[in-house]
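Given only the sequences and the hints, what does the whole structure look like? Please build it.
These protein sequence lines are chains E and U, in that order. Position 119 of the first sequence, counted from 1, bears residue number 119 in my numbering, the numbering being contiguous throughout. Position 189 of the second sequence, counted from 1, bears residue number 189 in my numbering, the numbering being contiguous throughout.
Incomplete in silico selection of chain E near chain U, CB under 10 Å:
1. T11
2. G16
3. L22
4. F130
5. S132
6. F133
Computed footprint of chain U on chain E; a stretch qualifies when at least three of its residues, placed anywhere within it, have a C-beta under 8 Å from a C-beta of chain U:
7. 28 to 41
8. 118 to 128
Which residues of chain E face chain U? A partial, calculated answer using Cβ under 8 Å:
9. L8
10. A9
11. A14
12. T15
13. H49
14. T136
Since the hints were derived computationally from the structure, they do not count as laboratory data. Virtual Cβ for every residue (Gly too), placed ideally from N, Cα, C.
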Amino acid sequence: MSAAHVPLATTRSATGIPTGRLAVWWVLASEIVIFGGLLAAYVMFRLHHPHWHAEASHTNTWAGGFNTVVLLTSSLFAVLAHQAALRGDGPRAARLLYATIGGAAIFLLVKAFEWSTEISHGFTLFRDTFWSFYYTATGLHGVHVVVGMILMTLIAADARRDRNLHRVELIGTYWHFVDAVWIFLFPLFYIAR
Amino acid sequence: MSHDTAAHAAAHGSVWRRWVFSTDHKVIGCQYLFTGMAMAVIGGLMSYVFRMQLAWPDAPVPGYGVVSPGEYNALVTNHGSIMIFWVAMPVLIAALGNFLIPLMIGCDDMVFPRLNRLSYQIFLLSALVLLGSLAVPGGGFGGAWTSYPPLSAKGAYNLTPYGAPLWLVAVALEFVAFLLGGINFVTTVMNARAPGMKASYIPMVVWMIIIASILFMASVGPLVAGAVMLLFDQILGTRFFDPAGGGDPLLWQHLFWFFGHPEVYVVLLPAMGIVAEIITVFSRKKLFAYNTVLLTAAGTGVLSFLVWAHHQFVAGIDPRMAHLFTVTTLLISIPIAEMTFVFIATLYGGSITFPTPMLFALAFIAEFLIGGVTGIFLGSSGTDIYLHDTYFVLAHFHYTFFPIAIIATFAALYFWFPKMFGRMMNDTLGKIHFWGTVIPFNFIFIPLFITGMGGDHRRIYSYENFPMQMTPFLQELRIVATVSLVILLLFQVVFLFNFFWSLFRGPKAPANPWRANTLEWTAPSPPPHGNFATMPSVYRGPYEYSVPGRADDYWPQHVAN
Chain E
1 MSAAHVPLAT TRSATGIPTG RLAVWWVLAS EIVIFGGLLA AYVMFRLHHP
51 HWHAEASHTN TWAGGFNTVV LLTSSLFAVL AHQAALRGDG PRAARLLYAT
101 IGGAAIFLLV KAFEWSTEIS HGFTLFRDTF WSFYYTATGL HGVHVVVGMI
151 LMTLIAADAR RDRNLHRVEL IGTYWHFVDA VWIFLFPLFY IAR
Chain U
1 MSHDTAAHAA AHGSVWRRWV FSTDHKVIGC QYLFTGMAMA VIGGLMSYVF
51 RMQLAWPDAP VPGYGVVSPG EYNALVTNHG SIMIFWVAMP VLIAALGNFL
101 IPLMIGCDDM VFPRLNRLSY QIFLLSALVL LGSLAVPGGG FGGAWTSYPP
151 LSAKGAYNLT PYGAPLWLVA VALEFVAFLL GGINFVTTVM NARAPGMKAS
201 YIPMVVWMII IASILFMASV GPLVAGAVML LFDQILGTRF FDPAGGGDPL
251 LWQHLFWFFG HPEVYVVLLP AMGIVAEIIT VFSRKKLFAY NTVLLTAAGT
301 GVLSFLVWAH HQFVAGIDPR MAHLFTVTTL LISIPIAEMT FVFIATLYGG
351 SITFPTPMLF ALAFIAEFLI GGVTGIFLGS SGTDIYLHDT YFVLAHFHYT
401 FFPIAIIATF AALYFWFPKM FGRMMNDTLG KIHFWGTVIP FNFIFIPLFI
451 TGMGGDHRRI YSYENFPMQM TPFLQELRIV ATVSLVILLL FQVVFLFNFF
501 WSLFRGPKAP ANPWRANTLE WTAPSPPPHG NFATMPSVYR GPYEYSVPGR
551 ADDYWPQHVA N
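Right, dumping it as structure tokens:
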């Protein structure tokens, strides 16, 4: 009973929706307002600071565009992993999750390259509130990428042994959210000048 | 039933596993309760120290000594933070939510028991960080619980280079704990309900905790973002909120109050739910207009997002916006008044009895009414401009928060104590505690309404520098408030004695001492790990009291007919 005790609560499903899926959507709802607050503040500031378009022109659109493609591709791998998990093919789901993690790693490498070039050109966190927003928003997003990589590693290790395959879907949902946040960050900080 | 308890106790082994690292929702609920009670003692004693300073400026406070201005600021800041974030939320929402939700919806635990334990551990860490922030060099943060920048953003201004960031980290950790807990609550109620438990059969207090949790999740995000930005301002030197560097201090006020005002309803709604449960039981009547209460609670939730800027009427807001926010702010009194009328309509014609929980529930309605009515003055931009940041505001929000966080919580504790700990509390001591709490409470804050209208500004360490505020009349009112506070605090000793004495020595409680309908009373007192011997099915709503044609005046939800 003790450690192996599984409460009935964890298996009930009065709504018919798996509990894990429900919980992930609630997590994302609370995440949306976090990024929402930050980005709404940024947009309000942007409207009052016309000089920010000059600052924004120093962000590397090519790197940001490349990273957008990388993230979208990694999201595709997450979908394929979910498909494999639905078919019950755990090892394949795990391989596809590793591909997703690879995409996340490339994303972070490009981000590191961007940050280091920008900082070496004097565009530091303190140069202007634009840059404070830029580093805070992309940094917060980067933290989410790292968390996703850790979780995917754990879930892939399980999936390889055909355990907890339903979690492949859950981490996929999270990963699409991370992707979607970037879809907002990219135009706001790179394209809109 | 008893074999169950023994088997669980044996299987659970060590004290550590059963009490410290348990995943049982009831144990976690009690952990939240005891942590919240300990924090309430600390927060209450803080108010004693600064009230003594206000009544007898610069005289040594018995048991503390002379209060310096910096200490005064740290005391009021942390009193506010503790009472809202480390007392009201953990006790009303986390402790009661954890204890009641699985029992009231007929299940054995939360859907994520380990996440639940993690949520408490993060909460405990946040409390320790907060207490630690009082002991670092420079002292605790003294920039008020609203933490307005630029004062809060620069160590050079607030002179608490470590206290301010630690305070912010503590608040952020606390938010993380409650986000995890809230997600658990909502998914539990959505998915883990007993067979037959339709949405309209869910007890009102569970609904209220769920609506509050969703409100919290939807409102806290911008402040989390704001907290990150403020922390960067404090420790990295960014200037999000510093106009000298292109930032804007008003941005913080928007991010803060977009959360801060819904927060009032986050704690109010569970209190309303508690009162709904208690008055139906002790008036033996059905809750008047269940669906309407639910709808207005949801409406309150929606409206609460549209009122935040009434905190900024004096911060340089566009008068047209002030107008708009006046209207939305006053609108929110409609659903709240509606709930109050529902309570009165429920009482009307009932067979009312007055045990301690009922007294506290009724006092909640009466006292909260004063809080609501005085809020009208502050929600209207015209009067708010005069009253802003005076003791009138302070008295107003204590008339809302004290009934919510203290009176409703006492009602809940006296009501559910038999279920929580399997013993009855002493009713006579309970009544002494009731009168010793409610009467002094009014003698603290009615004088402060008057000093507020007399121009007493909040957050002033000593009025001696303001001769106009040192008239004998105003000073006597301050002394009345302070003496009443001391009396109120002394009467809490009665409660603590009653609570802990009953915990070990109180008479054994039957499973359903109040003859109530909801599912938690079908479990043994206290419920063993796993709660129910057989998982209940639900046949009707929670408030079927005094149904004509039945021998008993109650009709439990799990009894087939």
